[in-house]
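J.: Now for the letters of each chain:
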Amino acid sequence: MGASFMAELLKLYKRPAVWVLTAIWLAFVVLFAYALPYAFFANLPEPEVPEDAPPEMQSKMQTQSEAASEQLMSQLYPENMAAYVLSGISGTGGTLALILGALFVGSEYGWGTLKTVLSQRPGRLTAFFAKMLALGAALALFVLLAFVAGAICSLVVAGIQGAAVGWPPLAQLLEGLGAGAVILAVWAALGVFLATLFRSTALAIGLGLFYALALEGIVFGLPIPNESFQDARQFFLGQNSGFLADSFTGGSYNSPSRHQART
Amino acid sequence: MIPETSQTDGRDDALLVETSGLTKRYGARITAVDDLDLSVRRGEVYGFLGPNGAGKTTTLRMILGLIKPSSGTATVLGEAPGAPAGLARVGALVESPAFYPYLSGRDNLRVMARYSGVAPSRVEEVLQQVELSGRAGDRFKKYSLGMKQRLGVAAALLKDPELLILDEPANGLDPKGMADMRAIIRGVREEGKTVLISSHLLGEVEQICDRIGVILRGKLVAERTMEELRGREGGLLVRAEPLEEATRVAQDLPEVEEAQVADGMLRITVDPARAAEVNAGLVNAGVRVSELRMVERSLEEMFLELTGGETV
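Each protein sequence line maps, in turn, to chains A and B. Quick note on numbering that gives the first Met the number 0: the first sequence kicks off at 0 and runs consecutively. Quick note on numbering that gives the first Met the number 0: the second sequence kicks off at 0 and runs consecutively.
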């Protein structure tokens, strides 16, 4: 098992697609989770105050606007980093993990390398578990990178805003890392399952993305009051990923309609 | 069809590959391999011949445990097909060589070495053995078909295997590449290893194999040594003078069935084991014999005869 795991790590390390996904993931964290929200929160439009409003009302509205801006901005501060990054992991991170899982397994069918590997020494189970172990290592690295990038970005935001730097408790950080790994593992497992089912990378990624980006959104958008239908929705991956991420914030960053927001 | 079996055939303790009633069906209609009994002995180069679609690759895939037979059994080095203990002593190249396109040839072998549990130093050894060291740093996707084939053989040699299984190893090779491949296979045999090779290139098989099995529509129709195959027609070619006198004398010899002139030589239908008696009879009658040899049919002639004219 150990030797097969080392073989998988070598393939993982040398595969350009893995580095491309890593770069996309880091770019997402830096740009879409921090840079763009910061630019938006820092430039919220001034409240429209009627010209004939009394000065104390104008002042009150101004204060409320600044408080709202600061509340939004506080999401980006280091103390909220774990929960904030986790909300990103449950959305885009899951999609990337699905692609990674499909690539990990589907490519072996596409290139015909599975027979080359199996005609070496490892049995099917050993080869499979070694591959899953390597995939798990890659996902753990993804989560860790997201947290490191999030920490750096939040530090920069706090520095710019002149806010006090405080970090989440260690226990929350560790729980966040664990929750992130679980979320990515579940999405990657879907990619692995589809790639194994269809013996293909492209079809697995295509169907997986359709599920992640469209199907769940359609299902949650359907106004069907049926109780069984409502119950069935709790088993959807996106929904459960969101619930797990929300458990760190009490749902303050993402409403139950996070799914529609993501799609 | 009942397979023609070798006179020297039979149970052998030194059988490295043995199949019994091996059958592979796909659905109710397609029988890719049908009740196949195959045996590969230790130290020999066994050629597995058959027309396209005859079931060669399916058989090799079953032997390696890549697919399961519908019925029948197979043992490889005393182990069930695909068992890690057996695979540890088997090197294989099945179908086209398949490797990771984004990795170099060397890195592909490093990956395979890790799977096989062999020392990394073996990578450079096998690269040299297949003469691919100079291009080992190039990515696999940039390799020519011949280079891919060499890399496939290198991967098969990584474990320094007791049994080497090569499926069409000469595919895509230029004449020099084919000669190199023959040299590699001969080198492996000289080390006391066993080689099971499938090929549609009859000339290649003829030059390197000790024994061949012919498969047709999934059935083994013959399994013989090369000597048996070539000498099966049972005849002698004699260069003698005067030719007319030699023909008359030969026809009178009791062991000779028929004697006739063909291409300036006397072609005698007789058991080749009686060559000394035929020679003595001719010489005693005053005929000068300058050459006497067994009639050898080409493998292609034999193959076409066994397969009823189906080409490879």
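Hints listed in this document are in silico derivations from the structure and should not be mistaken for laboratory results. Be a bit skeptical, because a hint or two may be false.
[Said to hold, decoys possible] Computed footprint of chain A on chain B; a stretch qualifies when at least three of its residues, placed anywhere within it, have a C-beta under 8 Å from a C-beta of chain A:
1) 88-96
2) 101-114
[As the list claims (entries may be wrong)] With a straight-line cut-off of 30 Å between C-alpha atoms, the simulated DSBU-like cross-links for lysine-lysine are:
3) B:K67 with A:K13
4) A:K13 with B:K218
5) B:K141 with A:K59
6) B:K147 with B:K175
7) A:K114 with B:K175
8) B:K140 with A:K114
9) A:K13 with B:K147
10) B:K140 with B:K175
11) B:K175 with B:K141
12) B:K141 with A:K13
13) B:K147 with B:K67
14) B:K218 with B:K67
15) B:K141 with A:K114
16) A:K114 with A:K13
17) A:K13 with B:K175
Computed from a predicted model, the values in this text were never measured in an experiment. Just so it is clear, CB atoms sit at the ideal spot from N, CA and C, and this is done for glycine as well.
J.: Give a verdict on every hint.
T.: Here is how each hint holds up against the structure:
Under the rule that three or more residues need a Cβ within less than 8 Å of chain A, the assignment of the stretch 88-96 of chain B holds, with 6 such residues. Given a C-beta distance limit of less than 8 Å, the hint that chain A covers the stretch 101-114 of chain B holds, as 8 residues qualify and 3 suffice. Restraint check: the Cα-Cα separation between K67 of chain B and K13 of chain A comes to about 33 Å, which exceeds 30 Å; the hinted pair is violated. Only pairs whose Cα atoms come within 30 Å are accepted, and K13 of chain A paired with K218 of chain B is rejected, the gap being roughly 44 Å.
A threshold of 30 Å between alpha carbons decides the hint, and for K141 of chain B with K59 of chain A the separation of about 69 Å lies outside it, so the pair is violated. Straight-line distance between C-alpha atoms of K147 of chain B and K175 of chain B comes to about 15 Å, which keeps the hinted pair within the 30 Å bound. Note on K114 of chain A and K175 of chain B: the hinted pairing holds, with a Cα-Cα distance of about 28 Å set against a maximum of 30 Å. In summary, the hint linking K140 of chain B to K114 of chain A is supported, as the alpha carbons are separated by about 18 Å, within the 30 Å threshold.
Between the alpha carbons of K13 of chain A and K147 of chain B the distance comes to roughly 19 Å, so the proposed pair stays at or under 30 Å and holds. About 22 Å separates the Cα atoms of K140 of chain B and K175 of chain B, which keeps this hinted pair within 30 Å; it holds. Among the hinted pairs, K175 of chain B with K141 of chain B is consistent with the structure: their alpha-carbon atoms are about 20 Å apart, no more than 30 Å. Our distance criterion of 30 Å between C-alpha atoms is met by K141 of chain B and K13 of chain A, whose separation comes to about 16 Å.
Distance restraint check for K147 of chain B and K67 of chain B: the Cα-Cα separation of roughly 27 Å lies within the 30 Å cut-off, and the hinted pair is therefore satisfied. A threshold of 30 Å between alpha carbons decides the hint, and for K218 of chain B with K67 of chain B the separation of about 18 Å falls inside it, so the pair holds. About 21 Å separates the Cα atoms of K141 of chain B and K114 of chain A, which keeps this hinted pair within 30 Å; it holds. Under the criterion of a C-alpha separation no larger than 30 Å, the hint pairing K114 of chain A with K13 of chain A is consistent with the structure, at around 20 Å.
For the suggested pair K13 of chain A and K175 of chain B, the alpha carbons sit about 33 Å apart, so the restraint of at most 30 Å is broken.
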